[in-house]
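**Student:** The primary structure of each chain is shown beneath.
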Amino acid sequence: MKISIGEHIFQAILIILISLLCLATIYPFLHITSLSFSSPSEASRFGFHLYPKEIDFFAWNQVLSQTKIWTGFGNSVFRTVVGTVLTLIAMSLCAYPLSRKYLPHRSFYTMIILFTMFFGGGIIPSFLLIKWLGLMNDVWVYIMPGLVSTFSMLVLRNFFMGIPAELEESAKIDGANDIRILFTIILPLSKPVLATLALWSAVGHWNSWFDAVLYITDQDKQVLQFFLREIVITNTDAETFGRTVVGNLEYANAIKAATIMFAALPILIVYPFLQKYFVKGTMIGSLKG
Amino acid sequence: MSDSTTSIVNIAQNENGTVLKKTPKWKHTWKEYKRNKYLFLMLFPILVWYGIFHYGPMYGVQLAFKDFSPVKGIWGSAWVGFEHFKFLFYQSPDFARIFRNTILISLYNIVFGFPAPIILALMLNEVRSKLFKRVAQSISYIPHFFSWVILSGIVIVMLSPSEGPVNYIIKLFGGEPIYFLANTDYFRPTLVITNIWKEIGWGTIIYLAALSGIDPTLYEAATIDGANRWQRIRNITIPSILPVVSIMFILSLGGILNAGFDQIFNLYSPAVYEVADVIDTYVYRAGIQQSQFGLTTAVGLFKNVIGIALVLGTNYVMKRMGQEGVL
Amino acid sequence: MKQWKKISLVLALAVSVFAAGCSNNSNSPSNQGAKATNSSSKAPDTEVAEKPIVIATNASTWEIPTNDDNPTQKWLEERYNVKFVNMRGTDENYKVTIASGEIPDIFPHNITETDMTNWARQGVIAQVDIDEIKTYMPTYTAHIEEVDPNAWNIGIIDGKNYGVPRIWLNGAYGFVPTYNGEWLEAIGYSAPPKTLEELQDVLTKFRNNDPDKNNQKDTYGISGRGKDVRVQLFNSIYAAYGINPYHFKLAADGNVTWGGITDEAKAALKLLNQWYKDELIDPEFMTDDGGLLEQKWSSKKIGYIDHKMYHHLFGALKGNEENGITAVYGQGIVGPAGKSIVMSNGPLQVPLMFGKQVEKDDAKRIRILQMLEDLATKDEVYLRTVFGVEGESYDLVDGVPVMKEEFIATADPAREMGIGGFYNPLIERDTGTWKFHFTADKMAFRDTVNAGLETTSDILGPTAMDTKGKYMATLTTLQDEFYIKAIIGKDDIDKTFEDFKNQWLKSGGKELLEEATKIYKDREAAK
Numbered sequence: 001m002k003i004s005i006g007e008h009i010f011q012a013i014l015i016i017l018i019s020l021l022c023l024a025t026i027y028p029f030l031h032i033t034s035l036s037f038s039s040p041s042e043a044s045r046f047g048f049h050l051y052p053k054e055i056d057f058f059a060w061n062q063v064l065s066q067t068k069i070w071t072g073f074g075n076s077v078f079r080t081v082v083g084t085v086l087t088l089i090a091m092s093l094c095a096y097p098l099s100r101k102y103l104p105h106r107s108f109y110t111m112i113i114l115f116t117m118f119f120g121g122g123i124i125p126s127f128l129l130i131k132w133l134g135l136m137n138d139v140w141v142y143i144m145p146g147l148v149s150t151f152s153m154l155v156l157r158n159f160f161m162g163i164p165a166e167l168e169e170s171a172k173i174d175g176a177n178d179i180r181i182l183f184t185i186i187l188p189l190s191k192p193v194l195a196t197l198a199l200w201s202a203v204g205h206w207n208s209w210f211d212a213v214l215y216i217t218d219q220d221k222q223v224l225q226f227f228l229r230e231i232v233i234t235n236t237d238a239e240t241f242g243r244t245v246v247g248n249l250e251y252a253n254a255i256k257a258a259t260i261m262f263a264a265l266p267i268l269i270v271y272p273f274l275q276k277y278f279v280k281g282t283m284i285g286s287l288k289g
Numbered sequence: 001m002s003d004s005t006t007s008i009v010n011i012a013q014n015e016n017g018t019v020l021k022k023t024p025k026w027k028h029t030w031k032e033y034k035r036n037k038y039l040f041l042m043l044f045p046i047l048v049w050y051g052i053f054h055y056g057p058m059y060g061v062q063l064a065f066k067d068f069s070p071v072k073g074i075w076g077s078a079w080v081g082f083e084h085f086k087f088l089f090y091q092s093p094d095f096a097r098i099f100r101n102t103i104l105i106s107l108y109n110i111v112f113g114f115p116a117p118i119i120l121a122l123m124l125n126e127v128r129s130k131l132f133k134r135v136a137q138s139i140s141y142i143p144h145f146f147s148w149v150i151l152s153g154i155v156i157v158m159l160s161p162s163e164g165p166v167n168y169i170i171k172l173f174g175g176e177p178i179y180f181l182a183n184t185d186y187f188r189p190t191l192v193i194t195n196i197w198k199e200i201g202w203g204t205i206i207y208l209a210a211l212s213g214i215d216p217t218l219y220e221a222a223t224i225d226g227a228n229r230w231q232r233i234r235n236i237t238i239p240s241i242l243p244v245v246s247i248m249f250i251l252s253l254g255g256i257l258n259a260g261f262d263q264i265f266n267l268y269s270p271a272v273y274e275v276a277d278v279i280d281t282y283v284y285r286a287g288i289q290q291s292q293f294g295l296t297t298a299v300g301l302f303k304n305v306i307g308i309a310l311v312l313g314t315n316y317v318m319k320r321m322g323q324e325g326v327l
Numbered sequence: 001m002k003q004w005k006k007i008s009l010v011l012a013l014a015v016s017v018f019a020a021g022c023s024n025n026s027n028s029p030s031n032q033g034a035k036a037t038n039s040s041s042k043a044p045d046t047e048v049a050e051k052p053i054v055i056a057t058n059a060s061t062w063e064i065p066t067n068d069d070n071p072t073q074k075w076l077e078e079r080y081n082v083k084f085v086n087m088r089g090t091d092e093n094y095k096v097t098i099a100s101g102e103i104p105d106i107f108p109h110n111i112t113e114t115d116m117t118n119w120a121r122q123g124v125i126a127q128v129d130i131d132e133i134k135t136y137m138p139t140y141t142a143h144i145e146e147v148d149p150n151a152w153n154i155g156i157i158d159g160k161n162y163g164v165p166r167i168w169l170n171g172a173y174g175f176v177p178t179y180n181g182e183w184l185e186a187i188g189y190s191a192p193p194k195t196l197e198e199l200q201d202v203l204t205k206f207r208n209n210d211p212d213k214n215n216q217k218d219t220y221g222i223s224g225r226g227k228d229v230r231v232q233l234f235n236s237i238y239a240a241y242g243i244n245p246y247h248f249k250l251a252a253d254g255n256v257t258w259g260g261i262t263d264e265a266k267a268a269l270k271l272l273n274q275w276y277k278d279e280l281i282d283p284e285f286m287t288d289d290g291g292l293l294e295q296k297w298s299s300k301k302i303g304y305i306d307h308k309m310y311h312h313l314f315g316a317l318k319g320n321e322e323n324g325i326t327a328v329y330g331q332g333i334v335g336p337a338g339k340s341i342v343m344s345n346g347p348l349q350v351p352l353m354f355g356k357q358v359e360k361d362d363a364k365r366i367r368i369l370q371m372l373e374d375l376a377t378k379d380e381v382y383l384r385t386v387f388g389v390e391g392e393s394y395d396l397v398d399g400v401p402v403m404k405e406e407f408i409a410t411a412d413p414a415r416e417m418g419i420g421g422f423y424n425p426l427i428e429r430d431t432g433t434w435k436f437h438f439t440a441d442k443m444a445f446r447d448t449v450n451a452g453l454e455t456t457s458d459i460l461g462p463t464a465m466d467t468k469g470k471y472m473a474t475l476t477t478l479q480d481e482f483y484i485k486a487i488i489g490k491d492d493i494d495k496t497f498e499d500f501k502n503q504w505l506k507s508g509g510k511e512l513l514e515e516a517t518k519i520y521k522d523r524e525a526a527k
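These protein sequence lines are chains A, B and C, in that order.
Be aware that the first sequence starts at 1, since it is given in the working numbering, and climbs by one per residue.
Be aware that the second sequence starts at 1, since it is given in the working numbering, and climbs by one per residue.
Be aware that the third sequence starts at 1, since it is given in the working numbering, and climbs by one per residue.
Just so you know, these hints were derived from the structure itself, not from any lab.
Incorrect hints may appear among the rest.
Below are the EDC-like pairs computed for lysine to aspartate or glutamate, each with C-alpha atoms no more than 16 Å apart in a straight line [as the list claims (entries may be wrong)]:
1. C/Lys521 - C/Asp253
2. C/Lys470 - B/Asp94
3. A/Lys191 - B/Asp215
4. A/Lys68 - C/Asp412
5. C/Lys300 - C/Glu182
6. C/Lys470 - B/Asp67
7. C/Lys300 - B/Glu163
8. C/Lys485 - C/Glu498
With beta-carbon atoms standing in for the labels, derived distance ranges [unchecked claim]:
9. A/Asp218 - C/Glu145: 39 to 45 Å
10. B/Lys171 - A/Lys276: 45 to 51 Å
11. B/Asn183 - C/Lys270: 21 to 27 Å
12. B/Lys171 - C/Asn215: 15 to 21 Å
13. B/Ala78 - C/Pro149: 35 to 41 Å
14. C/Met443 - A/Gly204: 46 to 52 Å
15. A/Gly204 - C/Val389: 40 to 46 Å
16. B/Pro239 - A/Gly74: 45 to 51 Å
17. B/Glu274 - C/Lys404: 50 to 56 Å
18. C/Leu250 - A/Phe48: 45 to 51 Å
19. A/Val270 - B/Glu274: 41 to 47 Å
Glycine residues also receive a C-beta, built at the ideal position from the N, C-alpha and C atoms.
Only chain A is shown next, with the shape it has when bound in the complex:
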């Protein structure tokens, strides 16, 4: 295939523009990483932080040496993996029926679900509900209340609506029921969207912290974010709380940075692996025959 000069120029412009954007977006990563390896005087300097003049491992040591960090890490992984898988299944089960225009009372069901995106009881009744359900201090409280994200589910539903109807019709002629159609035909064609929603759900679980603080009291069930937050606070000046055993104040900024990087890194690493689902042409041949 012949590539014209015009095409080359166009590609060059694209790449330059996008690269400029990437320069801007990569800076926070460099800044925070640099801070996390900085000595106290370096960390308190106003201005750019691209790399520390002298590398100081203290902050990272503080973060990584505590066993509870790793317990938290494990709990967060559990929550993210199990939560995301269950969420995908639940969302698919919900989105597929709603995507079929011939579903009786379809708009009614959609409406009552949409309604919940805007109206909710707030923290107190939710708290009481969790207590009543016996989910207090139970790891399933990480997963059950947030099982379906209505926003994501609706995006998925609309995507399902865009899949050509012929596929479903010919499958039904062959005698398949809706459940089989969903799992053997629809979902495989939806990999890119499912990957996106999985990513959204995973990030949500990974960064989630408020529900952990509210419902979990056992330290060995706590998530990573909880301990990271604790570390930051321990190493901050807490005069107001009458504390005397204060941690390493000079390293407060570096420790904060290290905790942030530790939390962000796993996700940053995961996405490139998901990119294989964003391959073009998942629909090839779907219309033929």
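Let chain A serve as the given structure and place chains B and C on it in line with the hints.
**Tutor:** Here is chains B and C on its own, set in the frame of chain A:
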């Protein structure tokens, strides 16, 4: 939106002009449900979940109209009618101002911030080098993972009139340094641009997913027919992702009164209250002086009522335009 | 029409769920704890005269012990014949827990005055008789009254007292004017400035005479916390006029007025405006917060700060040394007020509160008071609950406990031992036991730096007021905006200030002052 059960009944009536054995509506409905039993098998468990976890706690909305007392609980607390709303509308020095700021900032974010990831997604889609595409994607979404508490520190350095690179460049071109974060003319644009910087990469993901679902043979056919790049984009790419764009747009309008509390709270100061004080920031400051739960529930309710109205409204418009909506 | 049917169906659903609510569950945790102890089979091999009193405590939201039955808990339980139920509320969730009906016996010690007032009126917290507190906590209350006889005021709502009074000992100390010593020398000052004129001269020279000797005009005299804590912004200059714009003060006519609308404030604003024009003030002060100020001081961009108290300055000594800065501490600036004054936050604090159920339970209440007295004033108990076990968690050096290495490195050992604010809510609240927190040099530093400093603070202290709830957010917004604009603007302050003052009074300020005056007069009368 036609209801399948009633049309069947009508047909039964009209075919002969005489009334056939008229099956009662509920029997038709039951038949329809039976016919689609697998679909309902899938749907009902999730509806039960919504019932428990969303409708169960919904009685808490009352708090918007009550003076909450822990001893009396939600049901026992005293009704105060619209008092919280009155506080919001009449007590603040200028509700018109905070409402205006909220709407304007949200609108700017939508007008500029909504298309940005779409455009970036289209650009990435046109890049030939797969490697570049992958790397660029992974770098562009980095700021999304850092909260505004952290990013604001970076923004402050970047925009500092004395130390920041942006003003350095401005000075290089002979201009006067601009104190962006304290300047009422520049603060809102700063909010919008930094918000794009933070979210553009992450926002492309869903659109890239939609783009990868386009059948490449369509492009091949178009090229053979002599269509150039722009024609291909206009006639194939954009219509193919419009369904996703449409639903994302409608749903994001639902949050229009959330003008981005985290960002504004971490970047603003009294110097720019005039253009940046929004509902949430004002309520936050007021909430410190008041008991919680009442005012915040009321404000949440207010925002959500407007949000759902907008969603339903836009949904109607989109459907008139031939797009799939949310209902 | 179909659309309406659907929407009304949805609403009907919502309404029906409304009707099916959960009833409020108000089992207090100490009841649960009591049931637990009663049902647990404790072999009565010793004759116990009375059953241990169960206390559900959440005294600290930060220093929550890792395990139940930690060493400190057991030590206290044995000594006082009590049984603790550890409530693990953190700042984010304890209010939700209380809202759901779980009310602790001992509340977190860092409640705001607004919550206190609300809970007092809603019957969530217990009334405690002042005389009873004095009876069972004689040493503690005597010490408190020495520091500030007004300490009881904060806890009195509608004429009744709602807790054990607390004093923030450091709060009595003021904000210390601090100068970059090398810069002072460079501009020819052998001692810190004493008067407003001298300070102006110093700041002018800090700006113009290149005190950091880098041949660039990149230094400023002063900046301030324009972004986060505006009560501290330029507080030393306002103090020279005898006020703070964010404090209540007593006016000449015996009523309470607001610092921000006084003529002294106007005069101070004019001066600050002039200084801003003359570039003595860092133009980026509007977006500076505590962290940025720290950086600017350390990076030698500003030479004068007034937002730190002695203990912050003591903690900064090492950092200053590393950055090559010798901090020089001055007295309050003498201005039109005629004497040297510095601003302080005031020592008054919200008292330690108890759950409503404690009101009826005499035995429990008295036991709690007795424990608190010991925790606060008895050396042995204080040391055990705050610092731990000598030899294991700390060493005594000249009578001052020094924590062992592993107890400073991370918080875990302390949490496992159970030491800290959770079992001792009165850490650093009693003058008698305060000595344990001062090494000899820290105490010397405190006394030197604060010598001769006369402080001014808010005349009412942390007091919840109805009018505050209604108007304070509005009034503060108004004032914050006006003050910033006045300092950086070009308008005639004489005129704009009057406009601001009228606007402030009209927007609820008048009611605020009326209520403040009433509270003040009630307190005076009660003396």
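**Student:** Taking the CB of B/Lys171 and the CB of A/Lys276, does the distance hold inside 45 to 51 Å?
**Tutor:** Cβ of B/Lys171 to Cβ of A/Lys276: about 46 Å, so the range 45 to 51 Å holds.
**Student:** Mind checking the hinted window 39 to 45 Å against the Cβ distance between A/Asp218 and C/Glu145?
**Tutor:** At 43 Å between Cβs, range holds.
**Student:** Go ahead and decide if the range 15 to 21 Å is satisfied by the Cβ distance of B/Lys171 to C/Asn215.
**Tutor:** holds (19 Å)
**Student:** Check whether the Cα positions of C/Lys470 and B/Asp94 lie no farther apart than 16 Å.
**Tutor:** Given pair C/Lys470, B/Asp94 holds - Cα atoms ~14 Å apart, limit 16 Å.
**Student:** Take a look at whether the Cβ-Cβ distance between C/Met443 and A/Gly204 falls inside 46 to 52 Å.
**Tutor:** holds (51 Å)
**Student:** CB of C/Leu250 to CB of A/Phe48, is that within 45 to 51 Å?
**Tutor:** holds (50 Å)
**Student:** Just to be careful, I want the Cα atoms of C/Lys521 and C/Asp253 compared with a cutoff of 16 Å; is the pair within it?
**Tutor:** holds (13 Å)
**Student:** Per the hint of 40 to 46 Å, is the separation of the Cβ atoms of A/Gly204 and C/Val389 within bounds?
**Tutor:** Cβ of A/Gly204 to Cβ of C/Val389: about 44 Å, so the range 40 to 46 Å holds.
**Student:** Quick one: are B/Ala78 and C/Pro149 within 35 to 41 Å, going by C-beta?
**Tutor:** holds (38 Å)
**Student:** Please work out if A/Lys191 and B/Asp215 have their alpha carbons no farther apart than 16 Å.
**Tutor:** holds (14 Å)
**Student:** Does C/Asp412 sit within 16 Å of A/Lys68, going by the straight-line distance between their CA atoms?
**Tutor:** holds (9 Å)
**Student:** Per the hint of 21 to 27 Å, is the separation of the Cβ atoms of B/Asn183 and C/Lys270 within bounds?
**Tutor:** At roughly 24 Å between Cβ atoms, C/Lys270 and B/Asn183 fall inside 21 to 27 Å, so the hint holds.
Of the numbered hints given earlier, the model fails none.
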